[in-house]
Amino acid sequence: MARYLLRRLAALVPTLILVSMLVFGLQQLLPGDPATILAGEDQDPNVVAYLRQKLHLDQPLPVRYLYWAGGVLRGDLGESLRVQKPVTELVLEKLPVTVQLASMAMLIAIVIGVTAGVVSAVKKDTAWDYAANVFALWGLSTPNFWLGILLILLFAVRLGWLPASGYVSPFEDLKGNLAAMIMPAFVLGNAFAAVLMRHTRSAMLQVLSADYVRTARAKGLSERVVILKHALRNALVPVITLGALGFGELLGGTVLTESVFTIPGFGKLVVDAVFNRDYQVVQGVVLVTASAYILLNLLADLAYFFVNPRMRG
Amino acid sequence: MMRLWLAFALSVAASAAAGQTLRIGLAEDPDILDPTLARTFVGRIVFAGLCDKLFDLDERLNIVPMLATSYSWSADHKALTLKLRQGVTFHDGEKFDAAAVKYNIERHKTMPGSNRRGELAPVESVDVVDPLTARLNLSAPFAPLLAQLTDRAGMMVSPKAAKAAGEKFGAQPVCSGPFRFVERIAQDRIVLERYPGYWNKAAVHFDRIVYLPIVDATVRLANLRAGQLDFIERMAASDVPSMKSDARFKIAKVVEIGYQGITINVGKSDEAKKTALGRDARVREAFELSLDRQGIVDVAMDGEAQVGNQWVAPTSSWYAKNVPMPKRDLAKAKQLLAAAGAPNPTLTLMTPTTSDAQKIAQVVQAMAKEAGFEVKIQSTEFATSLNLADKGQFEAYVLAWSGRADPDGNLFSFHACKQPLNYAGYCDAHTDELIKASRSAASTAERQKLFEQIAAEVVGKARPIVYLFHRHWLWAHTAKLSGFRVVPDGMVRVQGLKLN
Amino acid sequence: MAAVLVSEFQEETPARRALRRLIRRRGALFGLGIVAFFIFVALLAPWLAPYDPLATSWSAVRKAPSALYLFGSDEIGRDVLSRVIWGTRASLLAGVVSVSIALSLGLPVGLLAGYRGGWTDALISRATDAMLACPFLILAIALAAFLGPSLSNAMIAIGISATPIFIRLTRAQVLAAKVEDYVEAARALGNPPLRIALRHILPNVVPPLIVQATLAIAAAVIAEASLSFLGLGQQPPAPSWGSMLNTAKNYVDQAPWMAFWPGLSIFLLVLSFNMLGDGLRDALDPRHR
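Chains as they are written, first to last, in the working numbering: chain S, 1 to 313; chain H, 1001 to 1500; chain A, 2001 to 2289.
Among the hints, erroneous ones may be present.
Derived PhoX-like pairs (lysine-lysine); straight-line CA-CA distance at most 20 Å [stated by the list, open to error]:
#1 S:Lys85 with H:Lys1449
#2 H:Lys1244 with H:Lys1480
#3 H:Lys1274 with H:Lys1376
#4 H:Lys1418 with H:Lys1436
#5 S:Lys54 with H:Lys1168
#6 H:Lys1163 with S:Lys85
#7 H:Lys1418 with H:Lys1480
#8 H:Lys1321 with H:Lys1449
#9 H:Lys1160 with H:Lys1095
None of these hints come from the bench; they were simulated from the model.
Generate coordinates for the entire structure from the input sequences, incorporating the hints supplied.
Here it is, written out as C-alpha cells:
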C-alpha cells in the first residue's frame, strides 16, 4: 500500500512538469504578437515595444519557459498584462467562486443523477427506466450556453424570480448569492447528472443481482430496505470515486457557463485571457486547474484502492 | 481577501443607510485604471466617473472648462496657457495646481508603457507660471491639442499618490473626479464612492457607482430588464424596437464620432499587388459603387447607423462637402471594372468574428456580387486579425474605429505615411503634407479647407478605406433616471444623473 | 467485457448476439432511427432543401414561419429550414470526423502503451495524464484559435482534445485482455506479438471503444456548438446548427424560430447518439442482462 502511494506520488511530478510544458507551449501556438493585441486600439509603437520587453518576447522559447517555471516555483504565476494584477491574486479571487459553482453543480448532479440511476435500475425496462434515462440525458444533449440563455430569459426576464447574471459574495448576501448561482449550477450539473446516472444504474444493476442481495431478499427484508441499505451502499462506491474525478471535470466545464452568466470565476477568466492573448493568466489558471484535477485523480484512485480489496497487495 | 470583503461589507452597510447606488452595465471589462497606461474605449467610461480632465466636451463637441477654466494660445500658436480652477483637490486631499499639471503631462510623456506619448508628441515642456496658471510649450503648432486634453491625456492624477505607487498606480487610482476608487474585482465590478471634496458637488446625486462588465449584449439587456442594472451601454440594435415600447425604460442614441469601414491593402505589403482591388483605384471605386450603404445599415445594423463616406459623419461640421456620398451605381461599377480589365475580380475579406462585422461582410458580399465581385469571407478571430493587418497579410479588412473628438484623430494615424494604424499602407507625399498642415493650421476655416483637399484625394480618388457608416451609440436606462447627456464620444457622464 | 471465443461450435457469433440485444432495447432503436434520419437528411440535403441556404433576401428579414418559409427566416433573410437541413452535414461531420481523428490517433497509441508496457507505457501515460488534466474546452479553444476559426479546424481541435480519452480506454482494455488465458496460450504457442495484438487483443478492445465513440460523437457535436458560441467553428455564411444558435441568441425575443429549430435539431441528434451509445453498451456488455 505504501509502495503504491509512493509510486503514484512519484508519477505526479513528471506529469505536472509535462502539464506545465503543455500549457506553456499551447500559449505559444496562438498566432500573432501578444504585445500588439495588448497594446489596445491606438497601437502606439512605444507601448508595443514596452510590452514585448515585459513579456520577454525577444528571448527564445526555452528561456521564456524557464523564466515562467522559475516564477511558478517561487509562487509567482506572473502578471496579467491587461489589468496589471498578479495572476496569483486573480486566482485567489476567483477560485472560491468557481469552487462554489462546481460544488453546487455537483450537488445538483448527484441529486438528479443518482436518483435517476437508482430508479432506472430498480424499475428496469419499464416506462420509469426510459423516463429517467431521457430526463438525465437531456442535460448532455443541450449546449449549456443555450440552456443558460433560455433559463435567463424565463426566470430572470419573464418571471423575475432570479437575477439575470452577476455574482454576489455569500459573505455579503447569502440569499443573493444562492439566487445568482442556482441557474448556472443547474446548467453545469445537468451534463454530469447524466454521467452519474449511467454509472449509478450500471453499478446498481450489478449489485442487485449479487448474492448478498438475494440473501437479503430471501431473508424477507422489504424491497426498500434491500435497495437502500444493501444495494445502494455498495453501488455508490464506484460512483463516489467517479464523483471526485467529475469535480475536476466540472472545474473545466465552467468555461461557457461562467461566460453566459457572467460569473467572475476561473472559466471566464481563462476564456477572456485566451482572446486577449493575456498569456500569463492562461498559463497560471490552466496550471492550477490541471494540478487540482491531477490531485483529485490521485485522491479518487486512493479511495478506490482502499475500497477494492482486489487491488491491494 | 478577507480584509477586502470586510471593508466592502462595512462600506455597503454604511452606504445602505445613506444614499443611492447607480449600477452601470459595461460591454467589456476595462483594462488598467491609470490614465497614462489605459488603452481601451471602455476604460474611458469608468474614468468619466473617476478622473476629471482639463477640459470636457459638450453635446456638440465644443470644448468646455473642467479642471481648467480658460485657455489662450500664444501668437505663434506654440504655447498654450491654461488658467486652472481654484479649490480643486485630489481624492487624497492634495491640492490641484499648476505643478500637478506639469507632473501629469510629464508622466504621460515619460512613463514606460505610456499610451499617451503620441497624443502629446509636440508638447516639449510645461511651465508653472503661478499656482493656477500653467503653460504648455510646443515644438510646432498642434491644432488637435485641446481635443486631446478632453480625453485621457488631460486627466490629472494626484502626484503624491502616483509617485508613491509607481507603475502599480492603476490598482488604486487617486484622481480628482466626482467619485473615488473603492475596489475592483477583475471581470466582476468596479466600485466608486462619492468624493465629498469634489468641486462640482451639486451635480452629483449618487453615493456610489458600480460598473459591471457584461459582455453578452443579450444578458446585459436582460439584467437591465430584470432591474439589476440602471443603465447599460452599447445596446444591440435589434433590441431597440422592443425596448421602445417598454415604458419602464428609455433609450438614448447619437451618431458616433467613429466609423465602420473596409480597409483595403493598397501598399502595406506585397499582397497589395496581387489583387486588382489593391492595384487599381478604379476597381476600388467600382467596389464602392456596388454597395448600397443604406441597405447595409438597414439589414446589418437594423437601421441604427448614419451612412457616411468619410472619416467624419455627414452631420459633422468637419465633413468635406466637396466629396458627397455616391449612390449605388452598378452600371458605372461594371464600366470601371471593364476599363480596368478586371470584370470579375476576386477579393478575400478578412472579417473579425464579432456579429456586427459578420453581418456587414455578408451583406457586402451579396451586394458586390451584383457588380461582378467574387468576395470570399475569411473569418478571423479579432486578435489575430489585428496581427495580420499589422503585417499586411490581408486584402481587405472589415474594421471599425471608435473615433476621437478632433477629426485629426480619425485621419492622421490612418492616412499619414507609416503610421501605426495605417493598415492600408497608403502613402502619398502630397496628402501627407496636407495632413501635417491640417494639424498645425491656426484657424478652423483653414483646417476645413485642408480637409476638403485631403478628402478629394483620399475619398475621391485613392480609397484606401471605403467608409460605410457611423453607428448610433445606443444606451438604455430605467425611466427613473434623468439627466443623461448624450455626447457623441460615447461616454457616460455622471454629473447631473439623478435617480428619482 | 465480451470475450471472443475461438471455438467454432458457437451457435451465434457475438456480433449477432449483440445486435439481437440491441434491437430489444427500445431506447437504442429510437436513437438509431433518429441518427439514420439525420444521415438521410444530410445526404439528400441538395434535394430536400427548398431554398439555397446562402441566398439572402432583404425583404424577408426575420419573418415568422409561414407557407413560404416553413421554419421562418433569419436576420438577413435566409430560409431557416434550408439552413437547418444543410447544417445537418456540418454537425454530423463535426461529430464523426472529430471522433475519427481521436480514434485513429488514440487506438494505436493506446495499443502500443498497453501491450508494450515498461518505459513506453510510462511515457505515454504521463503525457496522456497531462493532456487530460487540461480542461477539454480550453484545449479545444486554444487549438481552434491557433488554427483559425473554421469547421475543419474545429474538428481537428476537438479530435485532438478527445484523443487522450481513447488512448486511456484502449490501454485499459489491452491491459485487461493481456492477462487472459487465451492470450497467454497464444503467446505460449509462439505467435508473434503483432499477430497477438491484432487477432486476439484488438477484437476485445473494439466493443467498449464503439460505445465510447458513439458517446464521444454526441459530445463533439456539442463541442462544435460551444466553439461557435465563442466565434470559432463553422463560420457564416455556411450553415451549422451551432453558429445558427450563436447568431439566434441575439434575437430570441424578436425571432425565436431562429433558435428553436437548430436548438431542437442539436438536442435530438445528441440525444439519439447518447441513447444509441447506451444501448450499445448494454448490448455488448454481458454483465447487463
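Hint-by-hint comparison with the structure:
no., hint, result
1, S:Lys85 with H:Lys1449, "48 Å, violated"
2, H:Lys1244 with H:Lys1480, "15 Å, holds"
3, H:Lys1274 with H:Lys1376, "15 Å, holds"
4, H:Lys1418 with H:Lys1436, "13 Å, holds"
5, S:Lys54 with H:Lys1168, "15 Å, holds"
6, H:Lys1163 with S:Lys85, "19 Å, holds"
7, H:Lys1418 with H:Lys1480, "49 Å, violated"
8, H:Lys1321 with H:Lys1449, "10 Å, holds"
9, H:Lys1160 with H:Lys1095, "10 Å, holds"
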